[in-house]
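Q: Given chain A, put chain B in place with the hints provided.
2 protein chains.
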Amino acid sequence: MDPLASLDFTKGNGLVAAIAQDHETGEILMLAHMNEESLRETLRRGQVVYWSRSRGLWHKGEQSGNVQILKSLSIDCDGACHTGKRHCFFRRWDGSSWVDEGEQVFDPKEVYGG
Amino acid sequence: MDPLASLDFTKGNGLVAAIAQDHETGEILMLAHMNEESLRETLRRGQVVYWSRSRGLWHKGEQSGNVQILKSLSIDCDGACHTGKRHCFFRRWDGSSWVDEGEQVFDPKEVYGG
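Taken in order, these protein sequences are the chains called A and B. With this note's numbering, letter number 26 in the first sequence gets 37, and the count goes up by one each step, no holes. With this note's numbering, letter number 48 in the second sequence gets 59, and the count goes up by one each step, no holes.
Hints were generated in silico from the structure; no laboratory data involved. Among the clues, some could well be false.
Since the list can't tell identical chains apart, any single copy or any two copies may satisfy a pair.
To be verified - When the alpha-carbon atoms are kept at most 25 Å apart in a straight line, the in silico SDA-like pairs for lysine to any residue are as follows:
1) Lys96 to Ala31
2) Lys82 to Trp109
3) Lys22 to Ala43
4) Lys120 to Arg55
5) Lys22 to Lys120
6) Lys22 to Trp69
7) Lys120 to Asn77
8) Lys96 to Thr53
9) Lys82 to Trp69
10) Lys82 to Gly124
11) Lys120 to Gln74
12) Lys22 to Glu35
13) Lys22 to Val116
14) Lys82 to Glu47
15) Lys22 to Leu68
16) Lys120 to Glu48
17) Lys82 to Leu42
18) Lys96 to Ser108
19) Lys82 to Lys120
20) Lys22 to Asp118
21) Lys22 to Gly37
22) Lys22 to Glu121
23) Lys120 to Gln79
24) Lys96 to Gly57
25) Lys120 to Leu40
26) Lys82 to Phe117
27) Lys96 to Val122
28) Lys120 to Asp105
Since this is a predicted model, take the numbers as computed values, not measurements.
Isolated chain A (complex conformation) (with noise of 0.2 Å):
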């Protein structure tokens, strides 16, 4: 399965938002962009690689030596959300499929009709 296959990259002109938390802490450490290169990029190195306007494909750190290594990768609902699921963030990538961990705290037919 091609990760990248379940990303809409369209919406955003080719980008997609990406946070960075840090892996211990929960901390949000940044908010940036990626394209598909990137993503791909991330994967295949194990560190994180994203893609801006100015600077175009950057992988973080190469200049100050404080790279992202990538810890675990997962991917959001789009939009498409109202799964009854405690976040959006639900679909982590195991290294061949997106799996589904979401925590189920309300059934969405209940909530907001069937």
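A: Just chain B now, with coordinates in the frame of chain A:
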């Protein structure tokens, strides 16, 4: 001090990206957008109000009851990073001003040049 004075809404055509993170677990709940009005409403109500292209002003949870209670609000450096902080979102609104709570991890002059 007007909290909105420190935010640049012009780059995103009146919108900024807003990340909701669980106050206790650090889990990222969702990524959505705010305009000026939604951010003012968020601060006024103490519950998170987004802006969405389809819904307009969107008081999260008004239908499901699962509102997001505002515990803390921080803003990032808006691309003007390279401050040597551990993360971008180091300014927290304390009710009257933006407080710098960032941990300094390196000297930007040494790493990026003066």
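Q: Are the hints correct? Go through all of them and say.
A: Verification of the supplied hints:
1. Lys96 to Ala31: both (21 Å within a copy, 14 Å between copies)
2. Lys82 to Trp109: within (15 Å within a copy, 32 Å between copies)
3. Lys22 to Ala43: Classified as both; 16 Å inside a copy, 14 Å across copies.
4. Lys120 to Arg55: neither (40 Å within a copy, 32 Å between copies)
5. Lys22 to Lys120: neither (28 Å within a copy, 38 Å between copies)
6. Lys22 to Trp69: both (21 Å within a copy, 20 Å between copies)
7. Lys120 to Asn77: Cα proximity of Lys120 and Asn77: across copies only (15 Å, versus 46 Å in one copy).
8. Lys96 to Thr53: between (27 Å within a copy, 23 Å between copies)
9. Lys82 to Trp69: within (18 Å within a copy, 33 Å between copies)
10. Lys82 to Gly124: neither (38 Å within a copy, 30 Å between copies)
11. Lys120 to Gln74: between (50 Å within a copy, 13 Å between copies)
12. Lys22 to Glu35: For Lys22 and Glu35, neither the intra-copy (32 Å) nor the inter-copy (32 Å) Cα distance is at most 25 Å.
13. Lys22 to Val116: Neither: 29 Å inside a chain and 36 Å across chains, both beyond 25 Å.
14. Lys82 to Glu47: Answer is within: at 19 Å inside a copy they meet the 25 Å cutoff, but 35 Å across does not.
15. Lys22 to Leu68: both (20 Å within a copy, 21 Å between copies)
16. Lys120 to Glu48: neither (38 Å within a copy, 31 Å between copies)
17. Lys82 to Leu42: both (17 Å within a copy, 20 Å between copies)
18. Lys96 to Ser108: within (19 Å within a copy, 34 Å between copies)
19. Lys82 to Lys120: This pair counts as neither: shortest intra-copy Cα distance 34 Å, inter-copy 29 Å.
20. Lys22 to Asp118: This pair counts as neither: shortest intra-copy Cα distance 29 Å, inter-copy 38 Å.
21. Lys22 to Gly37: neither (28 Å within a copy, 28 Å between copies)
22. Lys22 to Glu121: Neither. Shortest intra-copy (30 Å) and inter-copy (40 Å) distances fail the 25 Å Cα cut-off.
23. Lys120 to Gln79: between (40 Å within a copy, 21 Å between copies)
24. Lys96 to Gly57: between (28 Å within a copy, 23 Å between copies)
25. Lys120 to Leu40: between (36 Å within a copy, 20 Å between copies)
26. Lys82 to Phe117: Between copies only: 23 Å across, 29 Å inside.
27. Lys96 to Val122: Answer is within: at 12 Å inside a copy they meet the 25 Å cutoff, but 42 Å across does not.
28. Lys120 to Asp105: neither (29 Å within a copy, 39 Å between copies)
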